[in-house]
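Protein chains: 2
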Amino acid sequence: MRVIPLGTSAGKATAERMTAAFAIQTAKQLLLLDCGEGTQHQMRRAALRPHRLSLVCISHLHGDHLHGLPALLGTLSLCNRQQPLTLIGPPGLATYLDTLRSLQVIYPDFPIHLHECGTQRTTPFTVGDLQLTALPLQHRIACFGFRITEHPCARLDAQRLQDSAVPHGPCRSRLRQGQDVNMPDGRILIANDFLRPIPSCSVTYCTDTAPCENTRILAQDADLLIHEATYANDAQEQAHQRGHSTVNDAARCARAAQVKRLLLTHFSPRYDDLSLLLAQARAVFPHTDLAEELQPIEVCSKQHSN
Amino acid sequence: MRVIPLGTSAGKATAERMTAAFAIQTAKQLLLLDCGEGTQHQMRRAALRPHRLSLVCISHLHGDHLHGLPALLGTLSLCNRQQPLTLIGPPGLATYLDTLRSLQVIYPDFPIHLHECGTQRTTPFTVGDLQLTALPLQHRIACFGFRITEHPCARLDAQRLQDSAVPHGPCRSRLRQGQDVNMPDGRILIANDFLRPIPSCSVTYCTDTAPCENTRILAQDADLLIHEATYANDAQEQAHQRGHSTVNDAARCARAAQVKRLLLTHFSPRYDDLSLLLAQARAVFPHTDLAEELQPIEVCSKQHSN
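Line order of the protein sequences matches chains B and R. Per the numbering used here, the first sequence starts with residue 1, numbered consecutively. Per the numbering used here, the second sequence starts with residue 307, numbered consecutively.
Next comes chain B alone, as it looks inside the complex (with noise of 0.2 Å):
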């Protein structure tokens, strides 16, 4: 997976940060985390093609975190998108969707298949090659942190092949999708003999939150927690009563989920230099990063065609 942080910025944009949102470039996918405004312009910026997303998933309705769907939306109709899109979000998505196309702020001609995520823990979505879990946060109004998990997958263990003298073509691909080959020579050739697993990757993300138990369970073993730092250690009163996190709380999170790497993120405009937010994290997590808008992360190595 690759991600892309589009917007960093919490409430307002400033001249140097968006608001939030994240696109994430899968092997066959793209997807967006929440979309503040002139997200669709960001996407340009990242050369990222709005005609391939697939998936946008809206972590509450705040509007520094939803104000640049409807112009999305809008674009990729008068780009005559046919592909469904698949939104994902808080309750009362479909409601201001729905108060959008009644009075023609919108009118996509595409399929918009909305899933609004419940308060209970929930099943998984799957989209294409996807796994998804929602779970609640805890904020101001209902908020959600989402953990995207690649399906697991599998490659051909080369060394094998040419050991067994399997030929190019087409034994070789049905072994890569698991099926077993009766050979002309009368050998079986087990495909599981052949594949090695892909380990499948994981990137979590928790924003609007104060620290919560579920950010730990959508965090776990990830291979990237995606967080909000709002605010820098000394403001943790304010950041509790608002539903938000200061960089403690981001890095004691990613500590006990045992993640591979902390990206903070939502960085309230009061802070022009990020190097001590960067400094406290560090100190409690050192696998910390402040995310850079435009400035991709790769997180595992597939390739990518977004």
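If you are wondering where the hints come from, they were derived from the structure by calculation, not from laboratory data. Beta carbons are placed, not taken as given, at the ideal position from N, Cα and C, and that holds for glycine. Accuracy of the hints is not assured; some may be wrong.
Said to hold, decoys possible - Just some of the chain B residues that point at chain R, by a computed CB distance under 8 Å: (1) R44; (2) L61; (3) D64; (4) H67; (5) L78; (6) Q82; (7) I141.
Given the structure of chain B, go ahead and fit chain R onto it with the hints provided.
Same frame as chain B, now just chain R:
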């Protein structure tokens, strides 16, 4: 007045052009005509201070004229705005804002004075030093054109003051306010003898619309007509079917209304090069320009302070 084009693209933004928005600075006010996605970012680039904003006029509810409004309201609220904001727009604007408010997409703390235009000819609105007339245009949904006029005012005639030996100070102040003055020497100075009217400045904004009589009524003798020109002349049938104008339609309106100057906007993204559109317009109405984003246009010569 100073007019600053902030967005000149129709339907969707391009790499060069944002969706519909114009700012107008008067001696005392800052107002917006339409508010496409990213208008607040364009205001920042144009060094327009959002807290000076007193009035936003929305022509119609299609997203390319509206998507930036909720984000702008959110930013104003986060900047602790207290003073009221006047919003003028089509029927449905209240439902739109009420839905966003009830879902907590926006939660403005300042008063919003909302006026929905009627489809019959309406009495002009008065907002500070401005008079605003709205008339229905001919589009696919309810859509209004606007004429904004500064209240008539006057300046003292310096030569006449000198000829009559009127001393500096309270006498001149009272004359400036239209009050006659009894002089110590027995003379009575009649204010109207010393005041020279400053022609009031008018800007008319017509988008989106097929050609219709109301555009001419709104534009009659205006200092500036901002008129949509979504298509070149060869796309007339498509333009009118979709409730839009060609360049020729805009130029003919300007000529019929005897405006001083025509500014074309709302260009279809199909046109990379707009020189053909400009040439087609100037063939009918020579005093035509293309709206260039962030390039201010001085309509009258008064001072601006926004």
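Hint-by-hint comparison with the structure:
no.	hint	verdict
1	R44	holds, 7 Å
2	L61	holds, 5 Å
3	D64	holds, 7 Å
4	H67	holds, 4 Å
5	L78	holds, 5 Å
6	Q82	violated, 17 Å
7	I141	holds, 5 Å
Consistency with the previously given hints fails for number 6 only.
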